[in-house]
Structures are given as C-alpha cells and as structure tokens.
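Trainee: Here is how the chains run, residue by residue.
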Amino acid sequence: MIRGLTVLLLCQFLGGVVVALTRLPVPGPVVGMVLLLGWLAWRRPADDSGTVRVSEALLKHLQLLFVPAGVGVVAYLTVLREHALPLGVSLVVSWLAGLLVVGWIVQGALAWRGRADQEAPRA
Amino acid sequence: MREDLLELLRSPLSLLLLTLAGYRLGLWLKHVTGAHPLAQPVIPAVALTGAGITLLDVDYAAYADAATLVSFWLGPATVALALPLYRQWSRVRAVLAPMLVALPIGAVVSIATAYGLVHLLGGSEELAATMAPKAATTPVSIALSETIGGVPALTAVVTVTAGILGAVLAPTLMTWARITDRRARGLAMGASSHGVGTSRSLSDDETEGAFSGLAMGLTALLTSVLIPVVLLVR
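Protein sequence lines, in the order shown, are assigned to chains A and B.
Each residue of the first sequence is one higher than the last, beginning at 1 in my numbering.
Each residue of the second sequence is one higher than the last, beginning at 1 in my numbering.
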C-alpha cells in the first residue's frame, strides 16, 4: 500500500514539476494521470499490487473528497438566495447543454462509423 | 468545563469526524435504497456537515482548513483515474477521433452558456466569471475562477452542484436522449459533471467510469485552455 501511495504521489509531484517547467495551462494532477497511465502500461502491475489497490480505494470514495468543497454552500447561502435565478438557470442549462452536446456527438459519430463499417464489405 | 467541550467540538478532529459520519450516512442511505439515483453519498455528507458547522458556529474557512486532510486526496485520486483508463485503453483508441471533436465543443458550450446566461439574467460580471469554469473539476475550476475574477469558493460550490446534478440525473436523461453507448455516456458525464458524476459512472459500469474519468481530465485541460479564448469574445 505504501509503495502504491508513493507511486501516486510521485506521479502527482512530477506532474506538478512538468507544469511548472512548461507553464502548460493544465493542472498538475491531470499530467500526473497521464504519467501514471504510462507507468501502468510499462509495469503492467497485477490486480493485487499496491498501486492498483490504493487507486481503487481512492476512486471508490471519490465523492467523499468533494464534501469539503460542497460544504462551502453554507458560506454563500445569502449570495445564492439573492442571485438564485441567474445562478440556477445558468448552472442547469449549461450543465445540460455540455452533457447532451458531448453525448450526441460521440454517439452520432459511433453510429455513423458503425454504418460505414457495415456497408464497406459490400462496396 | 463547557468551554473545553465546545473547543473540542470545534476542533479539526470533530470536524473531520462530522465529515466522515455524514459520508457514512450517505453510504448507508445508498445501500438501504438499493443505490437509488437520488442517494448520492455526497449529498447527506454536505447537508449534515453544513448543518453541523452552522450550529457549532464554525466559519467555513476554519472548516475548510481542517478538511484539507480530506480534500488533499483529490489530487492523488485524479492521478488514480489512470487505472480505469489503463484497463479500458483498447476501447479508448477506437473513440479517439469523435472524442477529440466532442470534448472541445462541449467545453466551449459549457463556458459560453454558463457565462452568457448569468449576464442575460442580470447577474454581475463577477458571478458570470464564477460560473464559467464549472465544468472543470474543483481544483481546476477554483484556480480558473481566481484567474478570471470570479469568487473561487463559490465556484467550488457550483462545480460540486453540477457534479451532483450529473450523478443524480445524467444517466436517466442520457437514456431519454438516446445516448446509449457506454463510451458516449461516460464521456458526456465526465465532460459536464467531473468527479462526482464520474463516481456514479464508475459504480454503474467500468467502461462508462473509465471514459468519464478520461473526459474529466481532458475537460479540465480544455477548460483551462479555452476559457481565455471564449471570454475574449465577450
């Protein structure tokens, strides 16, 4: 477990180093994710290895990690009440638009490619 | 004596205990309702903890400070999203092209509608800047909000709320919208509902979870790059 934790933190740290050196407008942990992906592809760890177990444990409780940010709602109750309409409408509509745009484009492209693949042998 | 007790109740120890107890309650509710979509553990956790710190008269900054012990792990957890991605890598390659078209469009749509609608409905520039980065995962949306003149802590709240919307509603809505491919569903979830949505996807289906995690990472990156561009044309 400690070894796995070290691997995760090291990837995050190196991600931060990459961001600091290149000034990429990307968060360090996202670069860390790419680094860990490379590490996994290289080492091909077994399912009971520390890195795999630590990662699974963290992902299993992903929602817990957002609780502190969510609790910030108590600090902004007045602002949220006063601007309920612009904040609420903008949040819901924008969230829905993002969801559907991405979903429809990918689903559409996959369906289109599926049809193209089916027709290809006949041509 | 009572002073001592109150001090103990306001200590980081008890605030962390409250956070974990709220989350445990959420997990229990998820279990007893047979994983009902409404029973996302983050919701009771935020409600109980929020009520608790209000009653104890602890201000949010002090709570957030104590809760760093929890929120710190968001970074390593983001790194850990490489694991489902690695397991699904062969399926990722097949969707690379549609994904690289859909995610930037999704990010632009999210930023522009969030920003534009606040203005349209009479909100201030500060509120619009607060909303614009909400599709990126919290650590990123907070940083972006700061850069473009929003209120970072409020951005964190709306970001988590967007995630909760995703975890509760997105699977049903996507089915209605005929988005049935697991890969498309995961990408849409991660692009709009970051980590909280991803946790729902991961518990529904591993493929969906992997693509959601991937979309979350890429959307964080794309939002960072595209926010200055979209806000330039305002």
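Simulated from the structure, these hints should not be mistaken for lab results.
Please read all numbers here as calculations on a predicted model, not as lab measurements.
Just to be clear, a hint being listed does not mean it is correct.
To give a feel for the contact side, a few chain A residues facing chain B, derived at Cβ under 8 Å [claimed, not checked]:
hint, residue
1, Met1
2, Cys11
3, Val19
4, Ala20
5, Met33
6, Leu40
7, Pro68
8, Ala69
9, Val71
10, Ala84
11, Leu87
12, Leu91
13, Trp95
14, Gln118
Where is the CB? At the ideal position from N, CA and C, for every residue including glycine.
Trainee: Decide, hint by hint, whether the structure agrees.
Mentor: Verification of the hints:
1. Met1: violated (13 Å)
2. Cys11: With a minimum Cβ separation of about 5 Å from chain B (threshold 8 Å), the hint on cysteine 11 of chain A holds.
3. Val19: violated (10 Å)
4. Ala20: violated (14 Å)
5. Met33: For methionine 33 of chain A, the interface hint holds, since the closest Cβ of chain B sits about 5 Å away, which is under 8 Å.
6. Leu40: With a closest approach of 4 Å, the leucine 40 of chain A hint holds.
7. Pro68: holds (4 Å)
8. Ala69: holds (4 Å)
9. Val71: holds (5 Å)
10. Ala84: Violated - the Cβ of alanine 84 of chain A stays beyond 8 Å from chain B, reaching only about 10 Å at its closest.
11. Leu87: holds (7 Å)
12. Leu91: holds (6 Å)
13. Trp95: Holds, because the Cβ-Cβ distance from tryptophan 95 of chain A to chain B comes to roughly 5 Å (cut-off 8 Å).
14. Gln118: violated (16 Å)
In this structure, the hints that do not hold are numbers 1, 3, 4, 10, 14, in rising order.
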